[in-house]
Amino acid sequence: MEGRHGNDEYKKGLWTVEEDRILMEYVKVHGKGKWNRIAKMSAAGLKRCGKSCRLRWMNYLSPSVKRGDFSEDEEDLIIRLHNLLGNRWSLIAGRVPGRTDNQVKNHWNTYLSKKLGIKKEKNKVCVNARLSSRDLGSENRNIFSKFNCNETFNDNAGEIATETVLTKCDSDDHDDAFKFIIDRQEDTIIDDNYATSFQFSSDDLSSHIAYLMEPLDAFSLDHFVWDGL
DNA sequence: AAATGGTTCAACCGCGGTTGC
DNA sequence: GGCAACCGCGGTTGAACCATT
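The first sequence maps to residues 1 to 229 in full-length UniProt numbering.
No lab work stands behind these hints, which were simulated from the structure alone. If you're wondering where the values come from, they're calculated on a predicted model, not measured in any experiment. Please note that the accuracy of each hint is not assured.
Quick list of in silico lysine-lysine cross-link-like pairs, BS3-like style, CA-CA up to 30 Å [as the list claims (entries may be wrong)]:
(1) K12 / K32
(2) K28 / K11
(3) K32 / K66
(4) K12 / K47
(5) K34 / K11
(6) K66 / K105
(7) K51 / K40
(8) K28 / K66
The calculated label-pair distances, taken between Cβ atoms and stated as ranges, are [what the hints assert, rightly or not]:
(9) G13 / K66: 22 to 28 Å
(10) P63 / L116: 18 to 24 Å
(11) E72 / E9: 18 to 24 Å
(12) K66 / K32: 14 to 20 Å
(13) D69 / S90: 19 to 25 Å
(14) K12 / G33: 18 to 24 Å
(15) R37 / E72: 39 to 45 Å
(16) G13 / L116: 30 to 36 Å
(17) Y111 / V65: 16 to 22 Å
Idealized CB from N, CA, C, for every residue including glycine.
Please work from the sequences and hints to get the whole structure.
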């Protein structure tokens with residue numbers, strides 16, 4: 001594995017103008033990827049590990065990277081996306097044109113989280129799920145302890161898909177009732193209503209439940225009972 | 001002017017996932 | 001299947017910069 005232990009073979013620290021020039025020249029000729037080859041090419045004369053080269057390109061040198069202050073629109077978008085996705089910086093950055101995950105993460109940690117007064121805390125969500133027989137065949141009712149759950153949010157930012165594993169942690173006397181824990185991302189705050197849906201799947205069954213989430217209020221729809229945050 | 005403390009952000013680290021042999 | 005190389009992610013670090021005393 002690269003990056004383990006100290007390695008005098010490669011230089012660390014801030015990049016110089018000359019190093020940037022060499023890296024840009026390499027990408028111009030050979031394209032992105034195969035970052036570890038750069039240092040091995042003696043002609044390049046760049047004593048940087050592949051990981052460092054990749055990061056420098058992705059976060060700074062790439063023409064698609066936007067520099068400068070974040071606009072209000074960008075900040076609004078990041079806040080809303082963070083509400084939905086938590087600290088999934090890469091996913092968030094993918095929806096903020098020109099911004100990298102590192103930029104978004106830094107801006108959140110140094111500015112936005114303070115502006116919003118957000119404290120770090122684990123946000124586990126408990127869901128009581130009541131799956132009817134038409135969703136869960138009687139012969140399958142007790143054999144599943146975990147469901148893959150693809151959760152799709154929909155708000156003004158568009159549709160966002162996330163993946164969660166719901167772990168069955170309890171069941172009561174009703175043979176069609178289950179309690180699940182959704183381990184959401186840290187720092188998740190929900191301050192607007194938004195549409196969301198769950199797509200459950202296991203080897204032999206699939207179920208789809210859609211509802212409008214109203215944060216902090218218990219609600220139920222169809223055969224779902226929401227236990228709140 | 002110097003010392004100190006706070007902030008910013010580029011870069012590093014460790015880890016998990018993917019790919020290819 | 002096992003292994004190594006590679007890629008990408010999120011958390012963390014620390015040098016540089018700025019503000020205050």
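Results for each hint:
1. This hinted pair checks out: K12 and K32 have alpha carbons roughly 21 Å apart, not beyond 30 Å.
2. Our distance criterion of 30 Å between C-alpha atoms is met by K28 and K11, whose separation comes to about 22 Å.
3. Of the supplied pair hints, the one linking K32 and K66 holds, its CA atoms being roughly 18 Å apart against a limit of 30 Å.
4. Taking the CA atoms of K12 and K47, the gap is about 9 Å. The hint holds against a cut of 30 Å.
5. Of the pairs offered as hints, the one joining K34 and K11 holds, with about 18 Å between alpha carbons and a cut-off of 30 Å not exceeded.
6. Taking the CA atoms of K66 and K105, the gap is about 15 Å. The hint holds against a cut of 30 Å.
7. For the suggested pair K51 and K40, the alpha carbons sit about 13 Å apart, so the restraint of at most 30 Å is met.
8. A hinted pair counts as satisfied when its Cα atoms are at most 30 Å apart, and K28 with K66 qualifies at roughly 19 Å.
9. Checked against the hint of 22 to 28 Å, the C-beta distance between G13 and K66 comes to roughly 25 Å, which is consistent with it.
10. Between P63 and L116 the beta carbon distance is about 32 Å. The supplied range of 18 to 24 Å is therefore violated.
11. Under the hint 18 to 24 Å, the C-beta atoms of E72 and E9, about 45 Å apart, miss the expected range.
12. Between K66 and K32 the beta carbons are some 18 Å apart, a value that agrees with the proposed interval 14 to 20 Å.
13. Hint check: D69 to S90, Cβ distance near 22 Å, so the stated range 19 to 25 Å holds.
14. Taken as a hint, the range 18 to 24 Å holds for the pair K12 and G33, whose Cβ atoms sit roughly 22 Å apart.
15. A hinted range of 39 to 45 Å holds for the C-beta pair R37 and E72, which are about 42 Å apart.
16. Roughly 33 Å separates the CB atoms of G13 and L116, a value that falls within the hinted 30 to 36 Å.
17. Separated by about 19 Å at the C-beta atoms, Y111 and V65 satisfy the suggested range of 16 to 22 Å.
This entry does not satisfy hints 10 and 11, going by the numbered hints stated previously.
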